[in-house]
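> The numbering of the sequence shown is the working numbering, which starts it at 1 and goes up by one.
Hints in this document: simulated from the structure, not taken from any laboratory.
Wrong hints could be hidden among the right ones.
Stated by the list, open to error - Distance windows between CB atoms, simulated:
| hint | residue 1 | residue 2 | range |
| --- | --- | --- | --- |
| 1 | N217 | D131 | 25 to 35 Å |
| 2 | E135 | D108 | 31 to 41 Å |
| 3 | N217 | C130 | 40 to 50 Å |
| 4 | T138 | R185 | 12 to 22 Å |
| 5 | H181 | F19 | 50 to 60 Å |
| 6 | L133 | D223 | 49 to 59 Å |
| 7 | E226 | E135 | 50 to 60 Å |
| 8 | L133 | T229 | 38 to 48 Å |
| 9 | G12 | D108 | 29 to 39 Å |
| 10 | N139 | G218 | 48 to 58 Å |
As the list claims (entries may be wrong) - Keeping only pairs whose Cα atoms sit at most 20 Å apart, straight-line, the calculated SDA-like set for lysine to any residue is:
| hint | residue 1 | residue 2 |
| --- | --- | --- |
| 11 | K189 | V95 |
| 12 | K23 | S207 |
| 13 | K149 | P104 |
| 14 | K16 | L26 |
| 15 | K2 | K42 |
| 16 | K189 | K23 |
| 17 | K23 | K233 |
| 18 | K169 | E226 |
| 19 | K23 | D80 |
| 20 | K189 | N225 |
| 21 | K169 | D80 |
| 22 | K149 | E128 |
| 23 | K189 | T229 |
| 24 | K233 | R185 |
| 25 | K233 | R199 |
| 26 | K23 | P210 |
| 27 | K16 | W222 |
The structure displayed is predicted, hence computed values, not measured ones.
The C-beta atom is built at its ideal place from N, Cα and C for all residues, glycine as well.
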Amino acid sequence: MKMIIRPEVMVGHLNKLCFEWDKAGLTLGSNRSCVRQMKGGKVLISWDSENIVFKDNEFSSLAEYITLLSCSQYTLVLFDGSLLQLSYTLDRNEVIGHRLCWYPSPIDVSGVEDIDDIIMRLQTLLVESCDVLEEHITNPNASYPINLKGIFNRSPLRFDFSVMPDEQKDAHPDVHLHISHEDCRIPVKTPLCIRMFMRFIVENFYSNIPVEGVLVNGLPTWDNNEMLTQHHKGKIHFNYNR
Numbered sequence: 001m002k003m004i005i006r007p008e009v010m011v012g013h014l015n016k017l018c019f020e021w022d023k024a025g026l027t028l029g030s031n032r033s034c035v036r037q038m039k040g041g042k043v044l045i046s047w048d049s050e051n052i053v054f055k056d057n058e059f060s061s062l063a064e065y066i067t068l069l070s071c072s073q074y075t076l077v078l079f080d081g082s083l084l085q086l087s088y089t090l091d092r093n094e095v096i097g098h099r100l101c102w103y104p105s106p107i108d109v110s111g112v113e114d115i116d117d118i119i120m121r122l123q124t125l126l127v128e129s130c131d132v133l134e135e136h137i138t139n140p141n142a143s144y145p146i147n148l149k150g151i152f153n154r155s156p157l158r159f160d161f162s163v164m165p166d167e168q169k170d171a172h173p174d175v176h177l178h179i180s181h182e183d184c185r186i187p188v189k190t191p192l193c194i195r196m197f198m199r200f201i202v203e204n205f206y207s208n209i210p211v212e213g214v215l216v217n218g219l220p221t222w223d224n225n226e227m228l229t230q231h232h233k234g235k236i237h238f239n240y241n242r
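Based on the provided sequences and hints, a complete structural model is requested.
Next up, the structure:
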């Protein structure tokens, strides 16, 4: 079964997502989505930013988070500083790819009111942390713990979908989840619709946000084909029933 959707409709879905989350006061910022023409007649539905660069920084690094935030490479910035990226690739109105990423904030952003404040808070914490580490290096036998307050080591979660040649599918699943490392590709049963992705994020990381209503269950959903190979089914993988 092919998922058929016109580019302008997908743009409307993603912009509606931003509108509802902004209206609920759950974001620090958002970008409208737009249609970008690609080679071979394909189109990318993604956040509206002048440059979309994914490979300049190492995955799951502090540098990557800062780059994505400062260069406005996101669909939403949530109230806790986490980033959401949602983009879909279409070919003749068929969904043939997606990048769906939750990028948790590496710092505590309590009290922050806008995105620029996150960068300033991060700079302050890094300076303070350098002082703490320097003290530990110069006095390694001190009995007190290393206390780097407000800095977290948390991995992004990124669901990627792209149709691979048959001979490459076992090593590079069509749909997979990246955790911690770019080369980590955990097989996923099917591509994810907007609702499925947002429900996964909310249920696992924001349990105080209701899934009923416009924020999650009111988001668009569609059926997708199973993409697992027999090789993937014999391994740990993500599987779910709609």
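> Are the hints correct? Go through all of them and say.
Cross-check of the supplied hints:
| no. | hint | in the structure |
| --- | --- | --- |
| 1 | N217 x D131: 25 to 35 Å | 47 Å, violated |
| 2 | E135 x D108: 31 to 41 Å | 21 Å, violated |
| 3 | N217 x C130: 40 to 50 Å | 45 Å, holds |
| 4 | T138 x R185: 12 to 22 Å | 42 Å, violated |
| 5 | H181 x F19: 50 to 60 Å | 34 Å, violated |
| 6 | L133 x D223: 49 to 59 Å | 51 Å, holds |
| 7 | E226 x E135: 50 to 60 Å | 55 Å, holds |
| 8 | L133 x T229: 38 to 48 Å | 46 Å, holds |
| 9 | G12 x D108: 29 to 39 Å | 35 Å, holds |
| 10 | N139 x G218: 48 to 58 Å | 56 Å, holds |
| 11 | K189 x V95 | 16 Å, holds |
| 12 | K23 x S207 | 19 Å, holds |
| 13 | K149 x P104 | 17 Å, holds |
| 14 | K16 x L26 | 14 Å, holds |
| 15 | K2 x K42 | 16 Å, holds |
| 16 | K189 x K23 | 33 Å, violated |
| 17 | K23 x K233 | 41 Å, violated |
| 18 | K169 x E226 | 13 Å, holds |
| 19 | K23 x D80 | 16 Å, holds |
| 20 | K189 x N225 | 8 Å, holds |
| 21 | K169 x D80 | 36 Å, violated |
| 22 | K149 x E128 | 9 Å, holds |
| 23 | K189 x T229 | 9 Å, holds |
| 24 | K233 x R185 | 14 Å, holds |
| 25 | K233 x R199 | 24 Å, violated |
| 26 | K23 x P210 | 15 Å, holds |
| 27 | K16 x W222 | 16 Å, holds |
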